[in-house]
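J.: Sequence:
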Amino acid sequence: MSNVDSFGAKGVLDVNGTEYEIYRLNKVEGSDSLPYSLKVLLENLLRTEDGANITKDHVNALGQWDPSAQPNVEIQFTPARVLMQDFTGVPCVVDLATMREAVEDLGGDATRVNPLAPAEMVIDHSVQIDTFGFEGAIERNMEIEYQRNGERYQFLRWGQTAFDDFKVVPPGTGIVHQVNIEYLARTVMTREVNGVLRAYPDSCVGTDSHTTMVNGMGVLGWGVGGIEAEAAMLGQPVSMLIPRVVGFKLAGSIPAGATATDVVLTITEMLRKHGVVGKFVEFYGEGVAEVPLANRATIGNMSPEFGSTAAMFPIDDVTLDYLRLTGRSQENIDLVEAYAKEQGMWHDPSREIRFSEYLELDLSTVVPSIAGPKRPQDRIELSSAKEQFRKDIHNYVSDATDRQGVGRPSTAVEVTRENGEKFTIDHGLVSIASITSCTNTSNPSVMLAAAVLARNAANKGLKSKPWVKTSVAPGSKVVTEYYEKSGLLPYLEKLGFFVVGYGCTTCIGNSGPLDAEISEAINANDLAATAVLSGNRNFEGRINPDVKMNYLASPPLVIAYALAGTMDFDFETDALGVDADGNEVFLKDIWPSPTEVQQIIDSSIDEGMFAKGYEGVFDGDDRWRALETPEGSTFEWAEDSTYVRKPPYFEGMTKTPEPVSDIEGARVLLKLGDSVTTDHISPAGSFKSDTPAGRYLIENGVDRKDFNSYGSRRGNHEVMIRGTFANIRIKNQLLDGVEGGFTRDFTQDGAPQSFVYDAAENYKAAGTPLVVLGGKEYGSGSSRDWAAKGTALLGVKAVITESFERIHRSNLIGMGVLPLQFPEGESADSLGLSGTEVFSISGVTELNNGSTPKTVKVTATAEDGKVTEFDAVVRIDTPGEADYYRNGGILQYVLRQIAAAN
Numbered sequence: 001m002s003n004v005d006s007f008g009a010k011g012v013l014d015v016n017g018t019e020y021e022i023y024r025l026n027k028v029e030g031s032d033s034l035p036y037s038l039k040v041l042l043e044n045l046l047r048t049e050d051g052a053n054i055t056k057d058h059v060n061a062l063g064q065w066d067p068s069a070q071p072n073v074e075i076q077f078t079p080a081r082v083l084m085q086d087f088t089g090v091p092c093v094v095d096l097a098t099m100r101e102a103v104e105d106l107g108g109d110a111t112r113v114n115p116l117a118p119a120e121m122v123i124d125h126s127v128q129i130d131t132f133g134f135e136g137a138i139e140r141n142m143e144i145e146y147q148r149n150g151e152r153y154q155f156l157r158w159g160q161t162a163f164d165d166f167k168v169v170p171p172g173t174g175i176v177h178q179v180n181i182e183y184l185a186r187t188v189m190t191r192e193v194n195g196v197l198r199a200y201p202d203s204c205v206g207t208d209s210h211t212t213m214v215n216g217m218g219v220l221g222w223g224v225g226g227i228e229a230e231a232a233m234l235g236q237p238v239s240m241l242i243p244r245v246v247g248f249k250l251a252g253s254i255p256a257g258a259t260a261t262d263v264v265l266t267i268t269e270m271l272r273k274h275g276v277v278g279k280f281v282e283f284y285g286e287g288v289a290e291v292p293l294a295n296r297a298t299i300g301n302m303s304p305e306f307g308s309t310a311a312m313f314p315i316d317d318v319t320l321d322y323l324r325l326t327g328r329s330q331e332n333i334d335l336v337e338a339y340a341k342e343q344g345m346w347h348d349p350s351r352e353i354r355f356s357e358y359l360e361l362d363l364s365t366v367v368p369s370i371a372g373p374k375r376p377q378d379r380i381e382l383s384s385a386k387e388q389f390r391k392d393i394h395n396y397v398s399d400a401t402d403r404q405g406v407g408r409p410s411t412a413v414e415v416t417r418e419n420g421e422k423f424t425i426d427h428g429l430v431s432i433a434s435i436t437s438c439t440n441t442s443n444p445s446v447m448l449a450a451a452v453l454a455r456n457a458a459n460k461g462l463k464s465k466p467w468v469k470t471s472v473a474p475g476s477k478v479v480t481e482y483y484e485k486s487g488l489l490p491y492l493e494k495l496g497f498f499v500v501g502y503g504c505t506t507c508i509g510n511s512g513p514l515d516a517e518i519s520e521a522i523n524a525n526d527l528a529a530t531a532v533l534s535g536n537r538n539f540e541g542r543i544n545p546d547v548k549m550n551y552l553a554s555p556p557l558v559i560a561y562a563l564a565g566t567m568d569f570d571f572e573t574d575a576l577g578v579d580a581d582g583n584e585v586f587l588k589d590i591w592p593s594p595t596e597v598q599q600i601i602d603s604s605i606d607e608g609m610f611a612k613g614y615e616g617v618f619d620g621d622d623r624w625r626a627l628e629t630p631e632g633s634t635f636e637w638a639e640d641s642t643y644v645r646k647p648p649y650f651e652g653m654t655k656t657p658e659p660v661s662d663i664e665g666a667r668v669l670l671k672l673g674d675s676v677t678t679d680h681i682s683p684a685g686s687f688k689s690d691t692p693a694g695r696y697l698i699e700n701g702v703d704r705k706d707f708n709s710y711g712s713r714r715g716n717h718e719v720m721i722r723g724t725f726a727n728i729r730i731k732n733q734l735l736d737g738v739e740g741g742f743t744r745d746f747t748q749d750g751a752p753q754s755f756v757y758d759a760a761e762n763y764k765a766a767g768t769p770l771v772v773l774g775g776k777e778y779g780s781g782s783s784r785d786w787a788a789k790g791t792a793l794l795g796v797k798a799v800i801t802e803s804f805e806r807i808h809r810s811n812l813i814g815m816g817v818l819p820l821q822f823p824e825g826e827s828a829d830s831l832g833l834s835g836t837e838v839f840s841i842s843g844v845t846e847l848n849n850g851s852t853p854k855t856v857k858v859t860a861t862a863e864d865g866k867v868t869e870f871d872a873v874v875r876i877d878t879p880g881e882a883d884y885y886r887n888g889g890i891l892q893y894v895l896r897q898i899a900a901a902n
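In the numbering used here, the protein residues as written are 1 to 902.
These are computed hints drawn from the structure, not numbers from a lab. Just so you know, these numbers come straight off a predicted model, no measurement behind them. One or more of the hints may lead you astray.
Cβ-Cβ distance ranges computed for the label pairs, FRET-style [as the list claims (entries may be wrong)]: (1) Asn525 / Glu863: 40 to 50 Å; (2) Gln160 / Lys341: 32 to 42 Å; (3) Asp526 / Thr416: 12 to 22 Å.
Mimicking SDA-like on lysine to any residue, the simulated pairs with C-alpha atoms at most 20 Å apart in a straight line are [what the hints assert, rightly or not]: (4) Lys341 / Val15; (5) Lys465 / Thr411; (6) Lys167 / Trp624; (7) Lys465 / Glu381; (8) Lys776 / Val873; (9) Lys866 / Ser827; (10) Lys731 / Ser754; (11) Lys646 / Gln160; (12) Lys731 / Asp758; (13) Lys646 / Leu106; (14) Lys731 / Gly577; (15) Lys422 / Ser519; (16) Lys646 / Phe163; (17) Lys731 / Asp674; (18) Lys776 / Gln733; (19) Lys10 / Met189; (20) Lys391 / Gln404; (21) Lys341 / Gly285; (22) Lys764 / Val660; (23) Lys273 / Glu381; (24) Lys463 / Gly420.
Just so it is clear, CB atoms sit at the ideal spot from N, CA and C, and this is done for glycine as well.
Using the sequences provided together with the hints, build the complete structure.
T.: Okay, structure coming up:
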């Protein structure tokens, strides 16, 4: 549909003699005092106004935005591009390949299934730390990565050639969000439309929740499920309500002992406490100009941890300096400056901006912090870390005996290595110390602080403890480049911190196995081992199956904990060791000076590094280029593949959807508590041979050593269904004191304990629909589409919770699962529901009339005949979501649109 331009906003911007078509915001009344993030949305509406889906009223609603009102106006946001990583990206390409065949089956043209917006994928989630602590570790890990993932990578290479406007950044390059800010992000996009060069704000949705990192560059973007990303690639706008925007004022500067990581952990705690789920956060005030872009990106990255949709910084001189540093063209830099100033999108602290809510942080009050042992928002001041650990350890140790008389549960275990080395470990041992993840590896101030700390420690004769698995996984090759130029890399290596790969590694659960002797000692004695990582995620069971407690920390603190070797450590009073003269060495003796770190940044980082690091970035190395690549517009599925299989979503699909129906005679598959994450629902890490997924692979001839991870097998629905609700730490309240992917199977006499997958298969055979009961913040964490896909494929028709996290709720609708909430103030427990009842849900059929009911009636009948009734709130929040649900899912909706257009 052609653009309408009711406001006469279309005009021309001349930048150094080049003319760009733009849509001027000043044509809309009220635009000047809008927050920066809403100006990006306003331009989006002006540019895509078509008089039907996007109207003059939508544009005016944004211009006249009332910051105090609750969101109630739905708009359509059309992102400029789509960003993917390989764990979530592989199933996207699998779905697109399947859609091509389904369109053909419905009588359409397969090649119409093509990205309409530029789509870029960075392969960063597959490298695992199989080897560490020596110079050749990175090469060995990459060899193993290609052996494990060759099949997936061949499939992605096919996608790169089969689909237009789809580019793949091969393995060994960096982490998607760091590659995005250093190379892919445009800040202002240009595209030829009807023979005219158009300029408009860069924006993106990504299949990873930390897509918000790019908010630090003034680019509006956030994580969506892979399901929504596919729809966006196919030209479907993202349906959303105009959000509330929280103004976050920054003042002061970071004190010498603290880092950008400490700032972001403080902001995360503040915003979680304030409550920002579903809102935009925007940073403003005089202090913004003092925040380096790397710190802005670190803050933007953690947006999912505080729960906001986005965490924006506007464009200013700091943005331009970063574009210059990272080797962007002068033409692009000039356009960004001219466009932002012309559109009133340049940061001006004196401008009066409307915000819905206000918060403020004086950066000078930030203190060194860590977060854990299981949530990013659980901040602990470093000075209280030992004390807090001693409180938390009781939740992780079944036998709380203090065998060593140290004032906490203790079980000293002597370990003997193959080389004869002996040492003793105990509860709280730091088994993993990993500098990892986009949050921090993109930030030279913390990466070089870690290297300086390593130098100071090595010069004092300190060493990492022998039971600590140490690693550095930079987010791009630029990091290694400046480590080498500064001469600091050898000091990191002296402490065992060798570069092990360019990718997410530990943060996504690819920490790799612990040394066998240490793993055996931990498991045989049920030790509460800990991991310390400079990541953004520390959920239970995520980092390593042997590790119970996970802590987030800045890169220098990761090294400090490797030196300490235990969480039961007070850096103020406990010495890290002794120097050559026998003097005790404390953390304060080796802590880096911020002035020295800044001098090293200034002398070691230049734009040539970025140009070199990203030269031929889509070409890949010899390994990538040597992969045999299938050809053709539709993919030839290998019947024996255990990595890439054609999913069943579109089997038997008709041109028009069947009417939706009420849910009758349903059973509860799981009854879950608060803060159930998408990691609990669909884990990404490793799994054992006695699990349903392990059994399936063994039956299909895969050796245990070649299982890889759930995340790497997301292109195979058979593995992923079996892995749904299979996190080793998930607690299903249908069972007493049992952790892991188990439930009660009510199709069997006495409802015995069973694997979730096996029970679901029995329910399917019996024709019994399923429901899941949950608590608060259901589905928090990563934007993991398999958490919704797996739920749907297990036969779950509705999920009833106290509250949902944004992305997972929309993903459930995208898979045809009904998200319902208990009445305000009520829960499964307050209503007396045990999960053993039979459920019926009526009123769903009202959706067939084109409207969405506010509530539906839920009836739960207990075994003794007692009936509990309540009105559940229907969390289908927009008309667009109702369309998706009526069609059985978002992909079915898009597919029918494409088939009808032929």
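J.: Holds or violated: Lys646 with Phe163, Cα cutoff 20 Å?
T.: 17 Å, holds
J.: Just to be careful, I want the Cα atoms of Lys731 and Asp674 compared with a cutoff of 20 Å; is the pair within it?
T.: 10 Å, holds
J.: Against the 20 Å threshold, does the CA-CA distance of Lys465 and Glu381 hold or violate the hint?
T.: Given pair Lys465, Glu381 is violated - Cα atoms ~23 Å apart, limit 20 Å.
J.: Against the 20 Å threshold, does the CA-CA distance of Lys10 and Met189 hold or violate the hint?
T.: 16 Å, holds
J.: Checking one constraint from the list: CA of Lys776 to CA of Gln733, max 20 Å. Satisfied?
T.: Roughly 15 Å separates the two Cα atoms, so the pair holds.
J.: Quick one, are Lys731 and Gly577 close enough, alpha carbons at most 20 Å?
T.: 41 Å, violated
J.: Is the Cα-Cα distance between Lys341 and Val15 20 Å or less?
T.: With a Cα-Cα distance of about 12 Å, the restraint between Lys341 and Val15 holds, given a limit of 20 Å.
J.: Are the Cα atoms of Lys273 and Glu381 separated by 20 Å or less?
T.: 16 Å, holds
J.: Starting from Lys465, check that the Cα of Thr411 is at most 20 Å away, please.
T.: Satisfied, since the Cα-Cα distance of roughly 18 Å is no more than 20 Å.
J.: Keeping to a limit of 20 Å between CA atoms, is the pair of Lys341 and Gly285 held or broken?
T.: Answer holds: Lys341 to Gly285 is near 18 Å, not above 20 Å.
J.: Does Ser754 lie within 20 Å of Lys731 when you go C-alpha to C-alpha?
T.: 14 Å, holds
J.: Cβ-Cβ distance between Asn525 and Glu863: within 40 to 50 Å?
T.: This hint holds: roughly 41 Å between Cβ atoms.
Hint violations for this structure: numbers 7 and 14, all remaining hints satisfied.
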